[in-house]
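With the hints as constraints, model all of the structure from the sequences given.
Going by our numbering, the residue at position 102 of the sequence shown is 249; the numbering climbs one at a time, nothing skipped.
There may be inaccurate statements among the hints.
[To be verified] Straight-line C-alpha distance at most 25 Å; calculated DMTMM-like pairs for lysine to aspartate or glutamate:
1) 264 - 280
2) 261 - 237
3) 215 - 203
4) 243 - 203
5) 274 - 262
6) 264 - 294
7) 218 - 173
8) 215 - 280
9) 261 - 280
10) 265 - 294
11) 251 - 281
12) 209 - 273
By construction, these hints were calculated from the structure, which means they are not laboratory data.
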Amino acid sequence: ALYDIVGDELIIQHYNRGFEIQLLREKISHFSLPNHTFVRLVPDSTNAALRAGFYDQLYDGKVAVLAKRTKIVEESTTQGTTRKEFVSQDRYFIRKDQAYYPVKSKGSVMNVFKDRKKPLSKYLKEKKIRFREDPEYATVALARYYDTLGNPQ
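Right, dumping it as structure tokens:
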């Protein structure tokens, strides 16, 4: 299987390798590629931050971390030559209590986990995790640690 990240489509080879088949995304709930599981989300009116499509499931516990991976094609023309460049854009989301929250900064993650903000801040310092250097890693690490913490007093 191939995942067309630009078109958000799943493509498979016909069994005799004669041609490719684009699968109907509405019929796919999830699929796996090496080291990645993608789930199809269709937002309702309460989750306006989400767009329908396939999301890379980075962590799935009591809370979940998902990434909407997209690439856009940017065209530029110089001296009669057209050049196309693929530009990656990853947006992260946390699912907590059946709601999805966009991750834009360390502060937005802490707002989602505000009931355990102190131990999470301490954890980041102890592990020397810098959100700005690797937001994906930091968000997953915080979600995993959040799941290990008991209920707040």
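Evaluation of the provided hints:
| no. | hint | result |
| --- | --- | --- |
| 1 | 264 - 280 | 20 Å, holds |
| 2 | 261 - 237 | 24 Å, holds |
| 3 | 215 - 203 | 6 Å, holds |
| 4 | 243 - 203 | 16 Å, holds |
| 5 | 274 - 262 | 20 Å, holds |
| 6 | 264 - 294 | 13 Å, holds |
| 7 | 218 - 173 | 21 Å, holds |
| 8 | 215 - 280 | 19 Å, holds |
| 9 | 261 - 280 | 22 Å, holds |
| 10 | 265 - 294 | 14 Å, holds |
| 11 | 251 - 281 | 12 Å, holds |
| 12 | 209 - 273 | 23 Å, holds |
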